[in-house]
Amino acid sequence: MRMIWPACWHDSTITRAISARPEQRMRVLLLSAYAAQSHRYWQAALQQMFPRWSWTVLELPPRYFSWRVRGNPLYWSIAERELLQAPHDLLIATSMSDLATLRGLVPALGEIPALLYFHENQFAYPQDKQQHSLLEAQMVSLYGALAADTIAFNSRFNRDTFLDGCDALLARLPDRVPAGVVTSLRDKSCILPVPLMPAEPRAGQGAATPDRRAGIRLLWSARFEHDKGGEGLLRILHNLEAAQEDFEVAVTGQQFRRSPPVFAEIEREFSHRLVQFGYVDSEARYTELMQWANVALSTALHEFQGLALMRAVQCGCVPVVPDRLVYREIYDPLYRYPSSPQTPASEAAAAAELICAFGKALPPPPDLSAYFPQVLSGRYERTIRALQDSNR
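The sequence shown lines up with residues 1 to 392 when you count with this note's numbering.
To be clear, the hints were calculated from the coordinates, so they are not data collected in a lab.
Here the structure is a predicted model, which means the values were calculated and not measured.
One or more hints might be untrue.
What the hints assert, rightly or not - Below, simulated DMTMM-like cross-link-like pairs (lysine to aspartate or glutamate); rule was C-alpha separation at most 25 Å, straight line:
1) LYS360 to ASP227
2) LYS360 to ASP389
3) LYS188 to ASP89
4) LYS188 to GLU136
5) LYS360 to GLU245
6) LYS188 to ASP389
7) LYS188 to GLU111
8) LYS360 to GLU241
9) LYS360 to ASP281
10) LYS188 to GLU329
11) LYS188 to ASP164
12) LYS360 to GLU288
13) LYS188 to GLU381
14) LYS188 to ASP160
15) LYS360 to ASP323
16) LYS188 to ASP167
17) LYS188 to ASP149
Unchecked claim - Label pairs and their computed distance ranges (CB to CB):
18) ARG25 to ALA243: 53 to 63 Å
19) ARG379 to SER340: 28 to 38 Å
20) ALA86 to GLN37: 25 to 35 Å
21) LEU135 to ILE191: 19 to 29 Å
22) SER340 to GLN37: 24 to 34 Å
23) ALA86 to GLU269: 49 to 59 Å
For every residue, glycine included, the Cβ atom is placed at its ideal position computed from N, Cα and C.
Using the sequences and the accompanying hints, generate a full structural model.
Rendered as structure tokens:
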């Protein structure tokens, strides 16, 4: 058994946080079948928002995607059966967890209210030619949503693309598809963003506008995968170089064994501009880089909330994001460059133009206080209490 706190990202399988006030304790079982960084950030935020609840967490490491999605009920139902059958008042599971199968294999889980949380959905994922089929993961999430009592999404964009994806999938099936499936899912859905936990003030400036004396200081923080737009980043850097802009860049994404080759190209071509390249496993160093930067850039083709970008904005960066995905929901048009993935050169030119404009007159960062835990904790608690009331 290990304890988990927000800054401690390790490969634990069971973590517990026990309340000091038993009379107010709610016993929560949280299942995270693919414990990526953003999932663990959300998990830690929940534990911080509700410290008087008793938390039992089962999680699995974020690797072997297809096996994780299909294999988690097999492993948990046998290896962790005693814990799953222990008394709980609430079940919270991430959408990578095969909730439908789990509730079938461990009937005790069917007796407690269940909330299924969607950090992402597999219907809006842009596939490349090497990507495995997502149909199985889509079906797991569909059945899980049907088995849950409440389904929560971190953004409207996430919810809407999931429901639209389910609708399109069901429309392709040959026969015996019951009516009203998507309507029933919509009726029990809600929006609960991942809370943005408190950040350290920018060194020497509190929350003031970043210092612009050192020119443009770009931060690009995303996984080194095709859906995060590495090719777009390379084109934007070429445009900035051609414009003879004074800029530096930190590329801090998580790297993988089979990362797209474009990232090696960025490292090679822009070594003279890079202050950091590759994943930063020190939270203190990563905070320093977020505070160092004055512009946080996204080139994503796939984003449902964008926690890394939000954290950078919280540290004082100005976002530069494409006019698509969840960004329309969070950021004003001031911070968005035209989205034209079919004409990538035009999109990169537009992004570089916006960055150059911000280099001349940096606007204040957007207000993200709607995502702070003191705002969201009430929404989370009302949703959970209503879920419990409906199951009595």
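These are the hints, each one checked on the structure:
no., hint, verdict
1, LYS360 to ASP227, "30 Å, violated"
2, LYS360 to ASP389, "55 Å, violated"
3, LYS188 to ASP89, "19 Å, holds"
4, LYS188 to GLU136, "23 Å, holds"
5, LYS360 to GLU245, "10 Å, holds"
6, LYS188 to ASP389, "14 Å, holds"
7, LYS188 to GLU111, "18 Å, holds"
8, LYS360 to GLU241, "16 Å, holds"
9, LYS360 to ASP281, "33 Å, violated"
10, LYS188 to GLU329, "21 Å, holds"
11, LYS188 to ASP164, "15 Å, holds"
12, LYS360 to GLU288, "23 Å, holds"
13, LYS188 to GLU381, "16 Å, holds"
14, LYS188 to ASP160, "13 Å, holds"
15, LYS360 to ASP323, "22 Å, holds"
16, LYS188 to ASP167, "16 Å, holds"
17, LYS188 to ASP149, "7 Å, holds"
18, ARG25 to ALA243: 53 to 63 Å, "59 Å, holds"
19, ARG379 to SER340: 28 to 38 Å, "35 Å, holds"
20, ALA86 to GLN37: 25 to 35 Å, "28 Å, holds"
21, LEU135 to ILE191: 19 to 29 Å, "26 Å, holds"
22, SER340 to GLN37: 24 to 34 Å, "30 Å, holds"
23, ALA86 to GLU269: 49 to 59 Å, "55 Å, holds"
Checked against the numbered hints above, the structure breaks hints 1, 2, 9 and satisfies the rest.
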